[in-house]
Amino acid sequence: MINYNKSQEILIKSKINIKNEIILAKESLNRISARNIYSPTNYPAGNNTALDGYAVNFKETKGLSSKNVKKFKILKILAAGDNPKIKNIKKYNTIEVMTGALVPKPFDTVIPVEAINYYPNKKKPKFILLNKKITKNNHIRFLGSDYKKGDKIIPEGEMINSSHILALKSLGVDKIIVKKKPIIIFYSTGNEISEKTNIPDWKVRNSNSHYIKSLSRNLFFKFIDGGILRDKDDKLFKKLINKNLNSKYDIIITNGAVSAGKFDFVPRVIKKFKLSKYFKGVAIRPGKPIMFAKFKNNNKSFFGLPGNPISSAACFKFFVYPYMRSILNMKKEKPFKAKLINGYTKKKKFTRFLKSKVLINKKGYLEVKVLKGQESFRIKSFTAANTWSLFKSGKSTFKKGELIECFNPLGGK
Numbered sequence: 000m001i002n003y004n005k006s007q008e009i010l011i012k013s014k015i016n017i018k019n020e021i022i023l024a025k026e027s028l029n030r031i032s033a034r035n036i037y038s039p040t041n042y043p044a045g046n047n048t049a050l051d052g053y054a055v056n057f058k059e060t061k062g063l064s065s066k067n068v069k070k071f072k073i074l075k076i077l078a079a080g081d082n083p084k085i086k087n088i089k090k091y092n093t094i095e096v097m098t099g100a101l102v103p104k105p106f107d108t109v110i111p112v113e114a115i116n117y118y119p120n121k122k123k124p125k126f127i128l129l130n131k132k133i134t135k136n137n138h139i140r141f142l143g144s145d146y147k148k149g150d151k152i153i154p155e156g157e158m159i160n161s162s163h164i165l166a167l168k169s170l171g172v173d174k175i176i177v178k179k180k181p182i183i184i185f186y187s188t189g190n191e192i193s194e195k196t197n198i199p200d201w202k203v204r205n206s207n208s209h210y211i212k213s214l215s216r217n218l219f220f221k222f223i224d225g226g227i228l229r230d231k232d233d234k235l236f237k238k239l240i241n242k243n244l245n246s247k248y249d250i251i252i253t254n255g256a257v258s259a260g261k262f263d264f265v266p267r268v269i270k271k272f273k274l275s276k277y278f279k280g281v282a283i284r285p286g287k288p289i290m291f292a293k294f295k296n297n298n299k300s301f302f303g304l305p306g307n308p309i310s311s312a313a314c315f316k317f318f319v320y321p322y323m324r325s326i327l328n329m330k331k332e333k334p335f336k337a338k339l340i341n342g343y344t345k346k347k348k349f350t351r352f353l354k355s356k357v358l359i360n361k362k363g364y365l366e367v368k369v370l371k372g373q374e375s376f377r378i379k380s381f382t383a384a385n386t387w388s389l390f391k392s393g394k395s396t397f398k399k400g401e402l403i404e405c406f407n408p409l410g411g412k
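So for the sequence shown, numbering that gives the first Met the number 0 puts the first residue at 0; every next one is plus one.
Accuracy of the hints is not assured; some may be wrong.
[Stated by the list, open to error] Listed next, the in silico BS3-like pairs over lysine-lysine satisfying Cα-Cα at most 30 Å (straight line):
id	residue 1	residue 2
1	K179	K279
2	K273	K299
3	K316	K330
4	K84	K132
5	K12	K333
6	K379	K368
7	K356	K212
8	K180	K316
9	K121	K58
[Stated by the list, open to error] Now the in silico label distances, taken between C-beta atoms and shown as ranges:
id	residue 1	residue 2	range
10	D173	S275	36 to 44 Å
11	K361	K398	19 to 27 Å
12	T344	N4	17 to 25 Å
13	F278	A44	48 to 56 Å
14	K398	K231	44 to 52 Å
15	K398	I22	43 to 51 Å
16	T40	R229	55 to 63 Å
It is worth saying that the hints were derived from the structure and are not from the lab. Where is the CB? At the ideal position from N, CA and C, for every residue including glycine.
Can you make the complete structure from the sequences, with help from the hints?
In structure tokens:
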């Protein structure tokens with residue numbers, strides 16, 4: 000049995016290659032950028048007005064005062080989307096501009112419509128009256144002031160969200176290069192597992208595969224349900240692995256049958272294949288029997304998750320999920336820290352992943368509470384939790400007030 004840090008080192012050294020593909024930017028939600036994405040244009044594309052008003056040349060307002068009022072002739076109205084080209088612009092001309100309209104030269108400043116005096120009247124104005132100097136560049140949004148051509152929009156390895164899509168479409172990026180979604184094939188194991196709703200007491204409803212499948216809807220992988228393997232299906236399992244090694248699947252996952260029981264056939268079968276990397280058993284709780292293998296001379300990996308629901312969820316979060324981030328060239332997930340509300344004691348050599356609740360105290364600081372019911376079969380505390388707290392090995396007693404590393408649950412809460 001190895002420690003948690005050693006297991007993570009093995010995962011990092013066991014990367015498989017995930018290819019790239021080109022997709023439409025509008026369909027890129029939750030995909031991972033395969034390269035840096037740069038702006039192909041300036042944004043805004045030209046100087047435009049931040050509000051409704053009148054554009055003038057500020058130089059023509061020099062020397063104006065209450066005793067020196069000047070009429071500026073209204074040439075036309077420009078709305079957002081209108082062609083800004085205007086011919087025969089003369090001195091003391093102005094244009095009415097709506098928010099977002101481009102401001103053509105020689106106009107270089109905008110007076111808000113609320114500050115305008117009209118001539119001969121407001122209903123049928125032909126001129127505006129100005130009686131003071133106007134500062135240059137008032138209420139102008141400048142060309143390229145948000146994004147300049149060549150500015151980075153999204154770095155390589157970033158998961159694309161809705162705000163990214165807004166930026167991509169605003170900047171005229173139609174297609175992007177992303178990583179293909181890793182494909183997971185998932186096998187449940189055990190005679191006790193059932194897909195039926197009404198079951199006898201000696202059966203267990205299949206929940207783990209449905210949990211991980213639900214995660215695939217908001218994360219960056221595809222999920223294939225391989226079905227249920229029964230206790231004596233070790234020969235069938237070997238055939239399936241041989242078949243999967245020549246398939247489109249990237250990661251093979253089993254759930255259950257990885258401990259040391261008579262019917263826990265998964266480790267025995269996997270070890271019959273040529274492997275470049277392997278571990279079985281990590282000093283963690285829940286999920287101690289976790290298993291990993293990288294097939295030699297084959298671009299595929301294997302995870303054997305424990306069968307209890309919380310062990311399975313924890314191992315997916317702290318082994319499969321970081322592994323997928325690694326093979327997609329994403330940055331390592333960073334935890335946040337919160338002060339421990341209730342003290343906690345564990346075995347010194349074990350790393351613990353605990354179902355916990357993060358709260359904000361009256362002073363605005365984050366606090367974390369370890370919930371009751373940490374056993375791997377208990378799901379009530381899992382539904383109440385909004386974080387996983389990580390209690391590292393090398394220490395057994397954690398006192399109230401200590402800073403604890405916390406991780407957001409997959410799927411969010």
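The hints, checked one at a time:
A threshold of 30 Å between alpha carbons decides the hint, and for K179 with K279 the separation of about 29 Å falls inside it, so the pair holds. The suggested pairing of K273 with K299 holds, with an alpha-carbon distance near 12 Å, which does not exceed 30 Å. The suggested pairing of K316 with K330 holds, with an alpha-carbon distance near 15 Å, which does not exceed 30 Å. For a cut-off of 30 Å, the pair hint linking K84 to K132 stands: about 26 Å separates their Cα positions.
Using a Cα cut-off of 30 Å, the hinted pair K12 and K333 holds, with the two alpha carbons roughly 20 Å apart. Distance hint between K379 and K368 is fulfilled; the C-alpha atoms sit about 15 Å from each other, no more than 30 Å. For the proposed pair K356 and K212, the alpha carbon gap of about 24 Å is at most 30 Å, so the pair holds. As the CA atoms of K180 and K316 are separated by approximately 17 Å, the hinted pair is consistent with the 30 Å bound.
Using a Cα cut-off of 30 Å, the hinted pair K121 and K58 holds, with the two alpha carbons roughly 25 Å apart. For the hinted restraint 36 to 44 Å between D173 and S275, the CB-CB distance of approximately 40 Å keeps it satisfied. For the pair K361 and K398, the supplied restraint of 19 to 27 Å holds, since their beta-carbon distance comes to about 21 Å. Distance hint check for T344 and N4: the Cβ-Cβ separation is about 21 Å, which falls inside the suggested range of 17 to 25 Å.
As the Cβ distance of F278 to A44 is approximately 54 Å, the hint placing it in 48 to 56 Å holds. Checked against the hint of 44 to 52 Å, the C-beta distance between K398 and K231 comes to roughly 50 Å, which is consistent with it. A beta carbon spacing of about 50 Å between K398 and I22 agrees with the range 43 to 51 Å that was offered as a hint. For T40 and R229, the hinted distance range of 55 to 63 Å is satisfied, since their beta carbons lie about 59 Å from each other.
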